[in-house]
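Protein chains: 2
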Amino acid sequence: MSIRLSTADGNFEALFTELLATKREVSEEVGAVVAEVIARVREEGDAAVIDYTRRFDRFDPSVNGLRISAEEIAAAYEAVDKPTLEALKIARERIEAHHSRQLPSDLRYRDDAGVELGWRWTAIHTVGIYVPGGLASYPSSVLMNAVPARVAGVKRIVMTVPTPDGELNPLVLVAADIAGVTDIFRIGGAQAVAALAYGTETIPAVDKIVGPGNAYVAAAKRQVFGKVGIDMIAGPSEVLVVADPDNDPAWIAADLLAQAEHDSAAQSILMTTDAAFADAVEEAVQKQLETLPRAEIASASWRDFGAIILLNGLEEAPALIDRIAPEHLELATDVAEKLVLKIRNAGAVFIGRYTPEALGDYVAGSNHVLPTARSARFSSGLGVLDFMKRMSLLKAGPDQLRAIGPAAIALGRAEGLDAHARSVSIRLNA
Amino acid sequence: MSIRLSTADGNFEALFTELLATKREVSEEVGAVVAEVIARVREEGDAAVIDYTRRFDRFDPSVNGLRISAEEIAAAYEAVDKPTLEALKIARERIEAHHSRQLPSDLRYRDDAGVELGWRWTAIHTVGIYVPGGLASYPSSVLMNAVPARVAGVKRIVMTVPTPDGELNPLVLVAADIAGVTDIFRIGGAQAVAALAYGTETIPAVDKIVGPGNAYVAAAKRQVFGKVGIDMIAGPSEVLVVADPDNDPAWIAADLLAQAEHDSAAQSILMTTDAAFADAVEEAVQKQLETLPRAEIASASWRDFGAIILLNGLEEAPALIDRIAPEHLELATDVAEKLVLKIRNAGAVFIGRYTPEALGDYVAGSNHVLPTARSARFSSGLGVLDFMKRMSLLKAGPDQLRAIGPAAIALGRAEGLDAHARSVSIRLNA
Numbered sequence: 005m006s007i008r009l010s011t012a013d014g015n016f017e018a019l020f021t022e023l024l025a026t027k028r029e030v031s032e033e034v035g036a037v038v039a040e041v042i043a044r045v046r047e048e049g050d051a052a053v054i055d056y057t058r059r060f061d062r063f064d065p066s067v068n069g070l071r072i073s074a075e076e077i078a079a080a081y082e083a084v085d086k087p088t089l090e091a092l093k094i095a096r097e098r099i100e101a102h103h104s105r106q107l108p109s110d111l112r113y114r115d116d117a118g119v120e121l122g123w124r125w126t127a128i129h130t131v132g133i134y135v136p137g138g139l140a141s142y143p144s145s146v147l148m149n150a151v152p153a154r155v156a157g158v159k160r161i162v163m164t165v166p167t168p169d170g171e172l173n174p175l176v177l178v179a180a181d182i183a184g185v186t187d188i189f190r191i192g193g194a195q196a197v198a199a200l201a202y203g204t205e206t207i208p209a210v211d212k213i214v215g216p217g218n219a220y221v222a223a224a225k226r227q228v229f230g231k232v233g234i235d236m237i238a239g240p241s242e243v244l245v246v247a248d249p250d251n252d253p254a255w256i257a258a259d260l261l262a263q264a265e266h267d268s269a270a271q272s273i274l275m276t277t278d279a280a281f282a283d284a285v286e287e288a289v290q291k292q293l294e295t296l297p298r299a300e301i302a303s304a305s306w307r308d309f310g311a312i313i314l315l316n317g318l319e320e321a322p323a324l325i326d327r328i329a330p331e332h333l334e335l336a337t338d339v340a341e342k343l344v345l346k347i348r349n350a351g352a353v354f355i356g357r358y359t360p361e362a363l364g365d366y367v368a369g370s371n372h373v374l375p376t377a378r379s380a381r382f383s384s385g386l387g388v389l390d391f392m393k394r395m396s397l398l399k400a401g402p403d404q405l406r407a408i409g410p411a412a413i414a415l416g417r418a419e420g421l422d423a424h425a426r427s428v429s430i431r432l433n434a
Numbered sequence: 005m006s007i008r009l010s011t012a013d014g015n016f017e018a019l020f021t022e023l024l025a026t027k028r029e030v031s032e033e034v035g036a037v038v039a040e041v042i043a044r045v046r047e048e049g050d051a052a053v054i055d056y057t058r059r060f061d062r063f064d065p066s067v068n069g070l071r072i073s074a075e076e077i078a079a080a081y082e083a084v085d086k087p088t089l090e091a092l093k094i095a096r097e098r099i100e101a102h103h104s105r106q107l108p109s110d111l112r113y114r115d116d117a118g119v120e121l122g123w124r125w126t127a128i129h130t131v132g133i134y135v136p137g138g139l140a141s142y143p144s145s146v147l148m149n150a151v152p153a154r155v156a157g158v159k160r161i162v163m164t165v166p167t168p169d170g171e172l173n174p175l176v177l178v179a180a181d182i183a184g185v186t187d188i189f190r191i192g193g194a195q196a197v198a199a200l201a202y203g204t205e206t207i208p209a210v211d212k213i214v215g216p217g218n219a220y221v222a223a224a225k226r227q228v229f230g231k232v233g234i235d236m237i238a239g240p241s242e243v244l245v246v247a248d249p250d251n252d253p254a255w256i257a258a259d260l261l262a263q264a265e266h267d268s269a270a271q272s273i274l275m276t277t278d279a280a281f282a283d284a285v286e287e288a289v290q291k292q293l294e295t296l297p298r299a300e301i302a303s304a305s306w307r308d309f310g311a312i313i314l315l316n317g318l319e320e321a322p323a324l325i326d327r328i329a330p331e332h333l334e335l336a337t338d339v340a341e342k343l344v345l346k347i348r349n350a351g352a353v354f355i356g357r358y359t360p361e362a363l364g365d366y367v368a369g370s371n372h373v374l375p376t377a378r379s380a381r382f383s384s385g386l387g388v389l390d391f392m393k394r395m396s397l398l399k400a401g402p403d404q405l406r407a408i409g410p411a412a413i414a415l416g417r418a419e420g421l422d423a424h425a426r427s428v429s430i431r432l433n434a
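Chains as they are written, first to last, in my numbering: chain P, 5 to 434; chain L, 5 to 434.
These are calculated hints, taken from the structure and not from any lab test. Be aware that a few hints might be false.
Copies of the same chain are indistinguishable here, so a pair counts whether it falls within one copy or spans any two.
Stated by the list, open to error - Derived DSS-like pairs: lysine-lysine, alpha-carbon spacing no greater than 27 Å straight-line:
1. Lys346 <-> Lys159
2. Lys93 <-> Lys159
3. Lys231 <-> Lys159
4. Lys291 <-> Lys342
5. Lys342 <-> Lys27
6. Lys231 <-> Lys27
7. Lys346 <-> Lys231
8. Lys291 <-> Lys159
9. Lys342 <-> Lys231
10. Lys346 <-> Lys93
All values derive from a computational prediction rather than experimental measurement.
Put together the whole structure using the sequences plus the hints.
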């Protein structure tokens with residue numbers, strides 16, 4: 005059973021605020037351990053990476069080499085059944101097609117004063133993609149991280165994936181190959197992040213590291229930020245489903261469970277205007293849990309973090325949605341298009357009754373790496389721009405310098421930066 | 005005297021690599037102190053902020069209130085001379101005009117399968133701007149941070165600026181007012197970052213914090229990242245000037261010193277093809293230092309971190325420039341436009357002999373908040389996009405779900421996420 009709130013209740017504001025503040029992750033204090041791992045990898049390179057891998061992943065990566073070989077990738081293809089391979093290829097194509105529309109334009113123009121301004125976008129040269137091992141090792145995530153990088157024009161895409169006990173995940177290797185990953189290393193944890201940030205004898209230093217990971221990986225990314233770029237720090241996944249009573253409760257229940265099965269710390273929230281419908285969804289959730297392979301995870305998530313919010317009317321939804329700032333937002337109502345225009349904070353919006361969030365997870369073409377933990381207030385899903393940077397361009401001639409230079413001189417002097425002022429005035433007095 | 009390298013020397017690669025690796029900042033270990041400050045501000049709110057301000061800024065902010073009042077801002081206008089005020093207004097207008105061109109477009113389209121995809125950009129609601137006190141308290145930086153936020157459509161811009169001993173900087177207040185800052189608080193340090201991230205009784209919690217600061221501020225931003233967005237972690241400023249021997253050595257010297265006067269940890273590098281020209285620039289630097297108010301800072305920077313790199317020809321420049329990835333790049337040569345096309349890593353490029361970097365610092369319209377410490381490899385200067393986020397949109401109908409749903413089901417099952425698969429299949433089997 006999830007908790008239930010109603011905007012009609014007098015204590016709604018307090019309960020809603022509490023819901024927003026719910027911590028779904030135990031924030032482990034791993035900073036010091038991670039700092040030591042990073043320092044050792046910087047100092048000792050491959051030797052440290054091999055040692056940590058022996059210790060944490062329980063195998064010796066020096067036997068087959070840190071790098072996963074072309075032969076191992078070829079073998080992975082053999083281990084993947086044809087329908088799955090086809091589905092991966094469809095996904096790659098659709099992700100590529102959609103992300104190609106995110107390629108930014110360069111600009112160069114001359115303003116009224118004759119000053120030429122503009123910018124040029126270029127791809128980051130080398131990018132590292134961290135792929136988790138174990139339960140969260142998803143081939144779809146490999147596509148979602150690597151394909152936009154390729155579209156951006158990244159030359160070298162270096163992937164690390166831990167292989168506990170030395171076991172490879174064929175799906176992940178095939179997805180990487182399909183997506184255009186250029187180098188794959190069988191390492192994980194803070195040691196992989198450190199190796200990507202600083203480079204070792206075998207592992208090339210990258211310019212930016214993207215991809216999710218556990219607390220150690222997140223702490224390592226935080227610590228190497230600045231030396232390299234990083235993407236967001238991903239938290240547990242979440243969905244907010246806004247559904248009117250005209251929906252089939254079983255469909256909505258399936259959507260809530262699709263989120264809940266990710267992780268016991270995932271969060272599924274239903275927002276609806278009808279208490280009887282809410283009851284029906286709750287019932288359908290319990291029923292579907294009976295046949296769900298990951299029922300244990302999903303039921304823990306639904307029990308601990310699931311919520312149903314009853315509204316007096318859908319017009320109450322946008323303000324609450326913006327405060328939740330959900331990673332995924334499903335709008336299963338006929339007025340979905342109207343609602344979208346009133347919403348500002350959501351990672352991705354799934355419009356209408358036939359757009360389950362899982363479509364976006366895999367094959368729609370949009371990215372499934374999205375801002376979690378209310379960070380849609382200030383950040384966007386992963387995209388092509390995350391793999392590019394904008395170089396600012398400026399050009400003035402003598403006339404332009406005469407026109408706007410004096411204001412620069414005035415401000416330079418006002419700030420006590422006389423050499424700034426002089427670098428302009430020396431050209432004006434020539 | 006700066007150090008001098010030549011690509012003609014046998015040991016150039018080693019010396020150049022060393023130059024790239026030079027640490028210009030002592031990285032203070034302030035993480036633990038900052039964590040404590042943040043925890044106390046979260047716990048005690050205003051009381052903690054007031055206490056830290058008493059201790060570090062040596063005045064009691066509760067006397068006049070944490071908020072800087074409309075009367076104090078009005079008084080600041082009285083203290084600024086008219087030419088400087090006019091220059092600030094020119095700067096604001098030009099920055100606004102240029103950044104308006106960065107506003108991104110929304111997109112909505114239907115692909116071949118009939119799936120509707122797209123995105124919608126919206127502004128971040130509330131942004132915090134950290135403005136340093138003391139030497140680095142620049143009104144121009146207030147404009148560079150606040151104006152793009154306004155252009156993006158940010159509703160509330162909350163600025164914090166430390167006022168050591170309670171002394172206000174009128175220029176900074178006027179710049180903030182001109183730029184459209186909505187709230188100003190007389191606080192700084194990690195306590196200001198904590199207050200912006202978590203909010204107090206008086207200070208509103210923001211969604212993102214931008215702006216430079218000392219080691220404590222940088223560490224605080226790193227620690228609150230995730231709870232709020234942050235911009236890059238700024239390091240000491242740097243310029244790389246590529247100049248052929250046809251330049252007036254005094255102009256180039258002025259440009260090198262304009263960077264050096266910022267900070268003794270700033271770095272100015274000259275790249276040229278002519279040793280005699282290099283000598284002349286070095287001589288001009290020494291001469292100009294004699295009359296520079298901030299000579300002490302500038303000469304320390306030039307002595308400790310300045311460098312002259314002699315090339316055999318300008319064709320060697322692009323590869324070296326990309327490895328340096330300078331914050332500012334001046335191309336004082338007739339082939340500047342050709343060079344620009346070959347360069348990928350630079351924060352901002354100043355093209356031609358009449359575009360001193362200081363023009364971009366103040367009034368050109370482009371942003372002067374740029375990636376330092378080689379981070380132009382993976383990041384861009386501050387812009388309108390830093391104050392917006394992109395909400396992904398997806399819409400399918402029954403036909404589209406039938407077309408692409410099976411691939412999503414296949415991938416969901418392959419990943420062991422059966423509820424994902426079910427959320428699609430339940431709609432297909434209806």
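Hint-by-hint comparison with the structure:
1. Lys346 <-> Lys159: The answer is between: 16 Å across copies meets 27 Å, while 40 Å in one copy does not.
2. Lys93 <-> Lys159: within (21 Å within a copy, 43 Å between copies)
3. Lys231 <-> Lys159: Within. Shortest intra-copy distance 19 Å satisfies the 27 Å Cα cut-off; inter-copy 33 Å does not.
4. Lys291 <-> Lys342: For lysine 291 and lysine 342, neither the intra-copy (33 Å) nor the inter-copy (67 Å) Cα distance is at most 27 Å.
5. Lys342 <-> Lys27: Intra 32 Å, inter 54 Å, cutoff 27 Å: neither.
6. Lys231 <-> Lys27: Cα proximity of lysine 231 and lysine 27: across copies only (12 Å, versus 30 Å in one copy).
7. Lys346 <-> Lys231: For lysine 346 and lysine 231, only the inter-copy Cα distance (24 Å) is at most 27 Å; the intra-copy one is 39 Å.
8. Lys291 <-> Lys159: The answer is neither: 49 Å in one copy and 46 Å across copies each exceed 27 Å.
9. Lys342 <-> Lys231: neither (44 Å within a copy, 30 Å between copies)
10. Lys346 <-> Lys93: This pair counts as neither: shortest intra-copy Cα distance 36 Å, inter-copy 34 Å.
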